[in-house]
Amino acid sequence: MTLTARSTGPLLEIRGIKTHFFTQDGVVKAVDDVTFEIGHGQTLGVVGESGCGKSITSLSVMRLIERPGRIVAGEILLNGENLLEKSDADMRDIRGDQVSMIFQEPMTSLNPVFTCGDQIAEAVQQHTAVSRREAWDRGVEMLRVVGISDAKRRASEHPHQLSGGMRQRVMIAMALSTDPDLLIADEPTTALDVTIQAQILEVMRELREKNRMAIMLITHDLGVVAEMADEVVVMYAGKVVERSDVKTVFGSPHHPYTQGLLLSIPRLDERRERLQVIKGTVPSPLHLPEGCLFKRRCPHRMKVCDTPPPYQEVGPSHVSRCWLTPAGEAPDVGADATGPEAEQAAEALTVAAR
Amino acid sequence: MATYILRRTLQSIPILFGVALVSFAIIQLAPGSPIDRFRTPNIRPETLENLVRLYGLDKPVHEQFISWITAFVQFWNTESWGYSLVDGRSVRDTLVDRMPATLLLGGTALLVTIVIAIPIGILAAVRQYSWADKAITTFATIGYAIPSFLLGLYIAYLGTVVFRGLFPGFGMVSLPGTEGRGTPLDVAWHMVLPVTSLAIQQIAGWSRYVRAKMLEVLNQDYVRTAKAKGLSAAKVTYKHALRNALIPVITLFGLTLPGLLSGAVITETIFSWPGLGLLGVTAVTQRDYPVVLAFVMVGGFGVVMGNLLADILYGVVDPRIKY
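Protein chains in written order, with the working numbering: chain A, 6 to 359; chain B, 3 to 325.
If you are wondering where the hints come from, they were derived from the structure by calculation, not from laboratory data.
Even for Gly, the Cβ is constructed at its ideal location relative to N, Cα and C.
Any given hint might turn out to be false.
As the list claims (entries may be wrong) - Coverage of chain B stretches by chain A, computed from C-beta distances (three or more under 8 Å per stretch; other residues unrestricted):
1. 3–12
2. 23–32
3. 130–141
4. 242–253
What the hints assert, rightly or not - Taking lysine to aspartate or glutamate and the EDC-like style, the derived pairs with C-alpha atoms no more than 16 Å apart in a straight line are:
5. B:K237 x A:E162
6. B:K241 x A:D123
7. B:K324 x A:D123
What the hints assert, rightly or not - Just a sample of chain A residues kept apart from chain B, beta carbon distances all over 10 Å, derived:
8. D98
9. G101
10. S105
11. E110
12. A203
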């Protein structure tokens, strides 16, 4: 229920944020120089394997990073205002009001000792000047909106009396009760079984249309992304490796990692003897390789990959962090170029983080 | 709920019967006899035999047990728990007389414990690894490790010698003839040292427990949800986290209850506090069978009731538990 006038720019702009964890074993660069934006009413899918920094990115937007983690650089602009410069009190007013979040685990994300209705009403009361009664009624109404039958009775029940799918609906009802501009959904369907997944996605889609709300959808499920997202950001080891609209990413992926991800999902329209897998595992965040972070698992590995690859435009609004040319061939600088030569080439190709 | 309480109460009968059986057997097996204290070099053997017959000690063990337990369950009669072999008073009346002193001491100590241990446990959890947490942990470790008889003596020494009699080291009221003897203030003054001694030990355990539960809860997903709603740190900690962290503390409460009923044996002895604990110790040394058995039974009753009360309280505060 924000009163801020909608600026003409994007709703959320993340510019070069770095979220690092200072552990006893060393610095873990969970999110390292991530840049992307989400327009009003747009849905952005953030994809990647476990540990690639998706969740940390979303928690950074909420400023819910806890020690030993810290956002060490970058800007997070919401309607043009930098969230990293907000006071704690201002940030609390934004959390749950302009930006809401739902989590992966519906079974444990609700407080077991309070009723569902109370937990929704609490969010409403926190951000709007309404009476307890009105807040409660709003909660019941929201439960109805997310498709819970017998909402009145359910509101006075405790979370343990509800199934996983219903609890996720309650979470959505709570997140949307304040009419946020942006909903961050961190793996909202991962813990649910397939039919329930579809229902939850349906609810989210409906409410997105109705409220003209933007969604940052974090998932490792490419099917969910294909169904929901307008744009896709693919993350690998704390960095964005590819970014484009959903059609391009699925139709002509550029980065070998994205290609690998797409090849590893089963399809009904093609006969494949075996599913392809991406060889190897995500590198330990404490021992990241030099140059390209994906090179050890990449089928196109070249000598030049020992130098950090450029973040280059490979098509209209399609960027990829890879040495391959837009056509997918070995670059002109010579696949065996190393050192300063390659660095210069990378600099020339890199699109500045805008 | 009512059926549950009824069922649990009925279930406690065989448990208490077992407690009675075992206690009776142990006392029978223990060396010594109640008539030992009449044994002088020039007592006539016939006199001793008469005493044995008088107390029924010549009867078979099971007969003794049955005659004791049938009388014991009629607790509404003054004579039901027998008469002390030492001073001849009704055991039941003696226990009833001693109960208030024990409840006063134990209850006050429990109150002090709750008032101090819960806040410092929360503080230690919220500021994990801070100097405050470290100080509380150090205190708790010492308080937990030190045996109560030693702690009691230190506290008595501190109050009476180091502070030159600022606090009295024994009894519940001042000596006869002192002005203001037996007033609430006088009793409170006498309570300072024994309550401190008891509370230190309990606070040590309780604060660690609260800290552990609080840390566990603060890492739960629903705490993150509460933060994501934009609630203040205080609301997240004291409303969402604390409510969940305090549920298991009920278990500790249930465990403390029997001590509250039957008295802190060691602390009461050190400070000569005229409660049930002191009575029990004295009775054991004098082989005062009826008193010892009654004392043990009250303790057993406390354990059973403590558990029942804890389970009922769980049903009240935790919506996930329904009976």
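These are the hints, each one checked on the structure:
{"no.": "1", "hint": "3–12", "in the structure": "violated (count 0)"}
{"no.": "2", "hint": "23–32", "in the structure": "violated (count 0)"}
{"no.": "3", "hint": "130–141", "in the structure": "violated (count 0)"}
{"no.": "4", "hint": "242–253", "in the structure": "holds (count 4)"}
{"no.": "5", "hint": "B:K237 x A:E162", "in the structure": "violated (22 Å)"}
{"no.": "6", "hint": "B:K241 x A:D123", "in the structure": "holds (12 Å)"}
{"no.": "7", "hint": "B:K324 x A:D123", "in the structure": "violated (20 Å)"}
{"no.": "8", "hint": "D98", "in the structure": "violated (6 Å)"}
{"no.": "9", "hint": "G101", "in the structure": "violated (4 Å)"}
{"no.": "10", "hint": "S105", "in the structure": "violated (7 Å)"}
{"no.": "11", "hint": "E110", "in the structure": "violated (5 Å)"}
{"no.": "12", "hint": "A203", "in the structure": "holds (24 Å)"}
The structure fails to meet hints 1, 2, 3, 5, 7, 8, 9, 10, 11 from the earlier list, while all remaining hints are met.
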